[in-house]
Structure formats: structure tokens, C-alpha cells
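Peer 1: Protein sequences, first through last, are from chains A and B. Each residue of the first sequence is one higher than the one before, counting from 1048 in this note's numbering. Each residue of the second sequence is one higher than the one before, counting from 32 in this note's numbering.
Some hints could be false.
[To be verified] Here are some chain A residues pointing at chain B (derived, C-beta under 8 Å):
| id | residue |
| --- | --- |
| 1 | Ile1122 |
| 2 | Ile1125 |
| 3 | Glu1129 |
| 4 | Phe1138 |
| 5 | Gln1140 |
| 6 | Val1141 |
| 7 | Asp1142 |
| 8 | Gly1143 |
| 9 | Glu1144 |
[Unchecked claim] Each computed DSBU-like pair below joins lysine-lysine, with the alpha-carbon atoms no more than 35 Å apart:
| id | chain 1 | residue 1 | chain 2 | residue 2 |
| --- | --- | --- | --- | --- |
| 10 | B | Lys105 | A | Lys1124 |
| 11 | B | Lys137 | B | Lys196 |
| 12 | B | Lys134 | B | Lys243 |
| 13 | A | Lys1149 | B | Lys243 |
| 14 | A | Lys1149 | B | Lys192 |
Hints listed in this document are in silico derivations from the structure and should not be mistaken for laboratory results. Owing to the predicted nature of the structure, the values given are computational and were not obtained by experimental measurement. C-beta atoms are modelled at their ideal positions from N, C-alpha and C, and glycine is treated no differently.
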Amino acid sequence: MILAKLALGAVGTLAFATVYTFREGTIRVDVDEHRPGGSHVHVWVPAALVPAAMHFVPDDKLLEAACHAREALPIVKIVAAELENYPNADFVQVDGEDEHVKVSVHNGKVYVDVQDHGDDVHVAVPVSTIQDIIENIGDRADRGKAQ
Amino acid sequence: MTSHFRKYLRSFSITAAAAMLLTPIAATAQTATSSSSNDRWLHVRVISANDKGETVRVNVPLDLAEKVLPAINKDRLHNGKVRIDHAAEMDGVDCRALLDAIKNTKDGEFVTVQAHDSDVKVAKQGGYMLIHVTEKRYAEGKDGKELKDAKATEKSRVEVKVPMKVVEALFSAGKDELDVLAALRALSAHGDTELVSVKDEENTVRVWLDSKNTAD
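Work out the full structure: start from the sequences and follow the hints.
Peer 2: As C-alpha cells, this is what we get:
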């Protein structure tokens, strides 16, 4: 009986942990080079882990990135905040003979899909994650400036 | 007692898990409905007639543009206004005076130029400012020179149709500035409209405004 309770507790905790981790969805990166020797990369990361992982990025590296993106940061921040108002929209679409690019938002996720001469790249990031990242970089940049 | 507790725990776990899983969906649904139904979208479509036959579609919500524009401070663009070098770029033309004159005049054609290479027409009609430019081309002989008595055919056609209120808003800033932000605001208060249409041998460009979040 004790074992059963322990098992139930463990399963419950695991279920809660899983649900909590995936509550903000996933970041998905798929890269497929359809040619001999081409690489295939498929990464799925729970979006909730990203803000936590950002804290482990060394300040100097992040400050460097913030410096490069200083001009664009306020703009990206506004765009990321505003994207919440447009949960389903196609923003950019380029269709050529061998090239297709699409930037869209569906169900609160930003999708970037690129097909270029047989190579495919698909990236999906929840809007809330972009906001978290931008906020984190902005805060760290401000702190760095103050020091 | 134990089975009651287990039942209770199981139902609690399922309910809590379902609630946590559904929270983002509910939030998304809420956001979806909160997205105003009278959102105005600016659409740009470029269809290239080259071998690759590229098509570019860009859809921008005017609300988004209005919020992003003041954040861009680069070169001549500051706080949603573009600085113009009046002396060099306007060639001594007082745009404001010209605009005032047009504003207070009845509908009609103000400028009509029929030249050998192009026709230009500027008019005011039904609260819109219309600009039509047609470039002409003539058949050429083997030497590359224009044939005598050759009839002109259309090389390219540009049609611009801008609401007068937008034009007024554009020139509402200082003498040497164009207030793009004010123009966007004026545009967002406007109904569905075709703004720019360009057609030449290489590209077909269309810029229009409507309430759809996708290009047709």
C-alpha cells in the first residue's frame, strides 16, 4: 500500500512537472538539408525553460548581444508585445520557383518557415517566450549600464 | 478511507492538470477575441514577372505600425516623422501652400502633362488625391532608334490614390517634416481602399488597406 501511494505521488509529481514545463508550449527548430551528407536537426525545447536558462547565460555574453541589438531592442519589444493582439496572421510570404519564406503567427506562436532549394528550416517560438527573452536581455543591459 | 482519498487525489490531479493545460488555450482564445474586429491591415503584394516568378506578400496591421514607428530613430526618421531637405528635394515648391490650394478647390484635374515619354495626371476626386503616371514606349528599328510614326504603347503605369485626409496629416508637421505617424493614423480611420498600383514589364505592385489579416 505504501509503495502504491509512493508510486501515485511520483506519477502525480511527474505529471505536474510535465504539465508545468509544457504549459507555455514548445520552441521547435527543424533543419533538413535534403542532399547527400546534409544535416537534419530537430530540436524541441519547452518554452518555460528558456527564461530559466537565460539566467545561466554569462552577463558579458548577454551584454555583448544586447549591445549589438541595442537599436533594435525597443522595436522588437514593441512588436513582441503587440503580436499578442494578432494570434493568427500571415505577415510575410515570399514564393519563388525554389524559395519559399513565410513569417506568421498562429495560436500565439511565431512561425518562420523557409524552403530554399531543397533545404528546409522551420522555427516555431511562442510569443510569450520572445517577450521573456527580450525583457531579460533589456534588464541585463540596463543593469550592465548602471554598473 | 484510502480509496476515497485516492479517488479524491486522482480527480484533483486530473482537474488541476486539465486546468493548467487549458490555461494557455483559454488565454489565446481570449486574446483572439480581444483582437479588435475593426483592425486595419496594410497589404503589399509584389508579383515579379521574371523567370523565377517571385511573389512577395507583406501584411502589416496599422496599429502595429503606429506603435513601432515612433520607436524607430534612424537617419531621417525620428518619432514617426521624416525630415526632408526642402531646398534640395522640393526644388523650391511649397507643398503646404499647394496642399492648401488643392484642399479648398473643387474636384478636378490639377495637372495634366502629355509628353512624348510619359503622361502625368494629378487630380482630386471624391476626397481622394489621384496621381496617374503612364510611361510610354515606341517600336524601335534595327539600329535601336525609334521608328518614325510608331504608335506609343504602355511601358508602365503607376496609380496612386490617397485619401486627402491622409495627405493633410502627412504635411501636418513642421515645414521640413513629413508626419508619417499622423498619416498612418488618418489612414487607419479610413475604409477599405486601394492605395498604390504599379504595373510594368518586370513587376506588378499593389498596396491596399482592408480589414483582412491575409492577402488575397
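Peer 1: Broken hints, numbered, in rising order?
Peer 2: The structure conflicts with no hint, since it agrees with every one listed earlier.
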